[in-house]
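Enquirer: Once you know that position 7 of the sequence shown is 7 in full-length UniProt numbering, the rest is easy, because the numbers rise by one and skip nothing.
Keep in mind the hints are simulated off the structure, nothing from the lab.
One or more of the hints may lead you astray.
What the hints assert, rightly or not - Below, in silico cross-link-like pairs of lysine to aspartate or glutamate (EDC-like), each with a Cα-Cα straight-line distance of 20 Å or less: (1) K51 / E84; (2) K45 / E14; (3) K109 / E88; (4) K51 / E88; (5) K138 / E72; (6) K39 / D20; (7) K34 / E88; (8) K39 / D79; (9) K45 / E88; (10) K45 / E84; (11) K63 / D20; (12) K39 / D25; (13) K99 / E88; (14) K125 / E84; (15) K34 / D20; (16) K99 / E30; (17) K116 / D44; (18) K63 / D79; (19) K116 / D20; (20) K116 / E14; (21) K116 / E50; (22) K116 / E101; (23) K99 / D35; (24) K8 / D105; (25) K34 / E84; (26) K126 / E50; (27) K126 / E88; (28) K99 / D25; (29) K45 / D16; (30) K39 / E72; (31) K45 / D25; (32) K63 / E50; (33) K45 / E65; (34) K125 / E72; (35) K8 / D25; (36) K34 / E14; (37) K39 / D16; (38) K63 / D16; (39) K63 / E30; (40) K45 / D20.
As the structure is a prediction and not an experimental result, all values here were calculated from the model.
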Amino acid sequence: MNALQQRKAGILPEIDIAGDTYTIDVRLGELRNKDQPWKRLGFDKMVTSEKGGHYLFFYRTRKQELFYASREMTTVPRDVVLVEIPHELHLDPVGMARKYELADDYFQKRYPIQAKLQASVVPLKKTGLLEHASRNRKSVPAHISKGQKP
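Using the sequences and the accompanying hints, generate a full structural model.
Expert: This is the structure we're talking about:
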């Protein structure tokens, strides 16, 4: 059975994110960890790329969860990476067609279903997040950064 036949038969597509396999569920708007299905990554918690064709998010590889950066952050866990995945039409064109009550193959010509999906992973040192945390550490008074009250 090819990828399109499998999807039409109800088998949800999967994507590899930093070595972890996630089931793509467009209907529920999430990626579910295949081995630990209670670990979910919601599309609504991700940022879309400038042109809208991809999702971007920080991911903790050890905890298998999203990482939320903040303006005030002074440290970044070592297991954080930046992940880029395609938009839902590329991830599951059949699921998107069903979501909008269209024929299963409606998006197939423009967005052919792929048998294997792999997320792009950018190491933390190439994201600018470490520099952001470092600048914040330098701007925090020494007595506060050591946990003392002002």
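Enquirer: Does each hint hold? Answer for all of them.
Expert: These are the hints, each one checked on the structure:
Distance hint between K51 and E84 is fulfilled; the C-alpha atoms sit about 13 Å from each other, no more than 20 Å. With a C-alpha separation of about 19 Å, the suggested pair K45 and E14 falls inside the 20 Å cut-off, and the hint holds. Of the supplied pair hints, the one linking K109 and E88 holds, its CA atoms being roughly 15 Å apart against a limit of 20 Å. Restraint check: the Cα-Cα separation between K51 and E88 comes to about 14 Å, which is no more than 20 Å; the hinted pair holds.
For a cut-off of 20 Å, the pair hint linking K138 to E72 stands: about 12 Å separates their Cα positions. For the suggested pair K39 and D20, the alpha carbons sit about 11 Å apart, so the restraint of at most 20 Å is met. The suggested pairing of K34 with E88 holds, with an alpha-carbon distance near 18 Å, which does not exceed 20 Å. For the hint pairing K39 with D79, the CA-to-CA distance comes to about 17 Å; that is within 20 Å, so the pair holds.
Our distance criterion of 20 Å between C-alpha atoms is met by K45 and E88, whose separation comes to about 14 Å. At most 20 Å may separate the alpha-carbon atoms for a hinted pair to count; K45 and E84 meet this at roughly 13 Å. At most 20 Å may separate the alpha-carbon atoms for a hinted pair to count; K63 and D20 meet this at roughly 11 Å. Taken as a hint, the K39 and D25 pair is honoured in the structure, with Cα atoms around 13 Å apart against an allowance of 20 Å.
The suggested pairing of K99 with E88 holds, with an alpha-carbon distance near 11 Å, which does not exceed 20 Å. Between K125 and E84 the CA atoms are separated by roughly 16 Å; this keeps the pair inside 20 Å, and the hint holds. Annotation: proposed proximity of K34 to D20 holds, straight-line Cα distance about 8 Å (limit 20 Å). Proposed proximity of K99 and E30 is supported: the alpha carbons are some 14 Å apart, at most 20 Å.
Restraint check for K116 and D44: not satisfied, since their Cα atoms lie roughly 23 Å apart, outside the 20 Å limit. Restraint check for K63 and D79: satisfied, since their Cα atoms lie roughly 9 Å apart, inside the 20 Å limit. A distance of roughly 13 Å separates the Cα atoms of K116 and D20; the hinted pair therefore holds under the 20 Å criterion. Note on K116 and E14: the hinted pairing holds, with a Cα-Cα distance of about 7 Å set against a maximum of 20 Å.
Taking the CA atoms of K116 and E50, the gap is near 25 Å; set against the 20 Å cutoff, the hint is violated. This hinted pair does not check out: K116 and E101 have alpha carbons roughly 25 Å apart, beyond 20 Å. For the hint pairing K99 with D35, the CA-to-CA distance comes to about 26 Å; that exceeds 20 Å, so the pair is violated. Simply put, K8 and D105 have alpha-carbon atoms about 9 Å apart, close enough for the 20 Å limit, and the pair holds.
A C-alpha spacing of about 19 Å is found between K34 and E84, which places the hinted pair at or below 20 Å, so the restraint holds. Annotation: proposed proximity of K126 to E50 holds, straight-line Cα distance about 18 Å (limit 20 Å). Distance restraint check for K126 and E88: the Cα-Cα separation of roughly 26 Å exceeds the 20 Å cut-off, and the hinted pair is therefore not satisfied. For the hint pairing K99 with D25, the CA-to-CA distance comes to about 11 Å; that is within 20 Å, so the pair holds.
Of the pairs offered as hints, the one joining K45 and D16 holds, with about 18 Å between alpha carbons and a cut-off of 20 Å not exceeded. For the proposed pair K39 and E72, the alpha carbon gap of about 27 Å is over 20 Å, so the pair is violated. A hinted pair counts as satisfied when its Cα atoms are at most 20 Å apart, and K45 with D25 qualifies at roughly 15 Å. With a C-alpha separation of about 28 Å, the suggested pair K63 and E50 falls outside the 20 Å cut-off, and the hint is violated.
Annotation: proposed proximity of K45 to E65 holds, straight-line Cα distance about 11 Å (limit 20 Å). Straight-line distance between C-alpha atoms of K125 and E72 comes to about 19 Å, which keeps the hinted pair within the 20 Å bound. Of the pairs offered as hints, the one joining K8 and D25 holds, with about 14 Å between alpha carbons and a cut-off of 20 Å not exceeded. About 8 Å separates the Cα atoms of K34 and E14, which keeps this hinted pair within 20 Å; it holds.
Simply put, K39 and D16 have alpha-carbon atoms about 14 Å apart, close enough for the 20 Å limit, and the pair holds. About 15 Å separates the Cα atoms of K63 and D16, which keeps this hinted pair within 20 Å; it holds. Note on K63 and E30: the hinted pairing holds, with a Cα-Cα distance of about 17 Å set against a maximum of 20 Å. A distance of roughly 19 Å separates the Cα atoms of K45 and D20; the hinted pair therefore holds under the 20 Å criterion.
This entry does not satisfy hints 17, 21, 22, 23, 27, 30, 32, going by the numbered hints stated previously.
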